[in-house]
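S.K.: Sequence:
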Amino acid sequence: MRYAICASGCVIASYILSTPFGGRCLLESLANDYPPGPVASCPHGDAIAVLAGTGPPRRRPLRPGEWPNRMESGLALYRAGKAPMLVFTPEGDHGEMFGPQAVSDASLQNLYVLSPVKNTAAEARAIAAAAKQRNWHRLVLVTSGFHMARAIQLVERAARLERISLAVIPFPADPQLYQQRAPGFNEFLPGITGVEYSNRAAKEILGMWACKLGD
Numbered sequence: 067m068r069y070a071i072c073a074s075g076c077v078i079a080s081y082i083l084s085t086p087f088g089g090r091c092l093l094e095s096l097a098n099d100y101p102p103g104p105v106a107s108c109p110h111g112d113a114i115a116v117l118a119g120t121g122p123p124r125r126r127p128l129r130p131g132e133w134p135n136r137m138e139s140g141l142a143l144y145r146a147g148k149a150p151m152l153v154f155t156p157e158g159d160h161g162e163m164f165g166p167q168a169v170s171d172a173s174l175q176n177l178y179v180l181s182p183v184k185n186t187a188a189e190a191r192a193i194a195a196a197a198k199q200r201n202w203h204r205l206v207l208v209t210s211g212f213h214m215a216r217a218i219q220l221v222e223r224a225a226r227l228e229r230i231s232l233a234v235i236p237f238p239a240d241p242q243l244y245q246q247r248a249p250g251f252n253e254f255l256p257g258i259t260g261v262e263y264s265n266r267a268a269k270e271i272l273g274m275w276a277c278k279l280g281d
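Numbering (this note's numbering), first residue to last: 67 to 281.
Quick caveat, the hints were computed from the structure, so don't treat them as lab data. Just so you know, not all the hints are guaranteed correct.
Pair by pair, the computed Cβ-Cβ distance ranges are [to be verified]:
| # | residue 1 | residue 2 | range |
| --- | --- | --- | --- |
| 1 | Asn265 | Arg129 | 33 to 43 Å |
| 2 | Arg229 | Lys269 | 48 to 58 Å |
| 3 | Asn265 | Arg124 | 40 to 50 Å |
| 4 | Leu272 | Pro130 | 15 to 25 Å |
| 5 | Ala106 | Ile258 | 37 to 47 Å |
| 6 | Ser181 | Glu253 | 22 to 32 Å |
| 7 | Gln175 | Leu279 | 11 to 21 Å |
| 8 | Met274 | Pro104 | 19 to 29 Å |
| 9 | Arg124 | Phe254 | 44 to 54 Å |
| 10 | Lys198 | Cys76 | 20 to 30 Å |
| 11 | Arg129 | Phe254 | 22 to 32 Å |
All C-beta atoms, glycine included, are put in the ideal place defined by N, C-alpha and C.
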């Protein structure tokens with residue numbers, strides 16, 4: 067009987083997590099600790115680091131209710147004078163998609179492009195190495211809210227390995243990734259979107275556990 071109850075529970079949990087509703091709830095639970103806020107509310111730092119993941123700035127104005135992506139948020143922070151240096155890390159072999167649009171902006175006088183990376187841990191190591199080289203002590207970190215906790219862990223860990231003191235200031239961006247609701251009953255039907263959301267959340271949760279165990 068006990069095994070039947072456990073099996074039923076696993077089936078129900080699998081069903082829920084395969085729906086857009088269940089996957090989005092997981093992502094929102096991670097993002098709730100880092101709600102997006104206005105640029106004016108962000109403290110000042112020595113540099114603004116934008117993690118890769120959502121592509122370059124859009125060429126069109128944002129629509130009403132549309133949140134800026136990571137690069138757009140980083141540019142807004144830089145133009146608001148929140149830090150004198152803007153840092154971004156191209157992703158994988160497609161880093162060239164970021165460069166031309168950002169570098170062509172005449173307002174960017176202090177743009178620092180790290181070498182392309184393939185994961186957040188590599189980004190964190192590159193950022194910490196740059197912080198040591200350039201004597202940064204306060205870093206504004208821009209990434210998605212659901213990704214922020216793990217990203218902060220990795221950057222702080224990389225800073226410890228570099229034997230530097232680096233305060234990380236979170237500035238979440240890009241919540242639209244999981245705010246799109248499926249129409250009607252589709253929200254509660256299993257599908258690729260639900261599985262993708264749940265996989266993203268699981269990656270963050272497992273990554274945070276692994277980071278803690280590794281310290």
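S.K.: Hint by hint, note whether the structure agrees.
M.R.: Evaluation of the provided hints:
1. In this structure the supplied range 33 to 43 Å is violated for Asn265 paired with Arg129, their Cβ-Cβ distance being about 28 Å.
2. At about 29 Å, the CB distance of Arg229 to Lys269 disagrees with the hint of 48 to 58 Å.
3. For the pair Asn265 and Arg124, the supplied restraint of 40 to 50 Å is violated, since their beta-carbon distance comes to about 26 Å.
4. Against the hinted window of 15 to 25 Å, the Cβ-Cβ separation of Leu272 and Pro130 comes to about 36 Å, which falls outside the hint.
5. For the hinted restraint 37 to 47 Å between Ala106 and Ile258, the CB-CB distance of approximately 38 Å keeps it satisfied.
6. The given range of 22 to 32 Å is broken by Ser181 and Glu253, whose C-beta atoms sit roughly 41 Å from each other.
7. For the pair Gln175 and Leu279, the supplied restraint of 11 to 21 Å is violated, since their beta-carbon distance comes to about 42 Å.
8. Roughly 27 Å separates the CB atoms of Met274 and Pro104, a value that falls within the hinted 19 to 29 Å.
9. As the Cβ distance of Arg124 to Phe254 is approximately 31 Å, the hint placing it in 44 to 54 Å is violated.
10. Take Lys198 and Cys76: their Cβ atoms lie about 46 Å apart, and the range 20 to 30 Å is violated.
11. The beta-carbon spacing between Arg129 and Phe254, approximately 27 Å, falls within the hinted interval of 22 to 32 Å.
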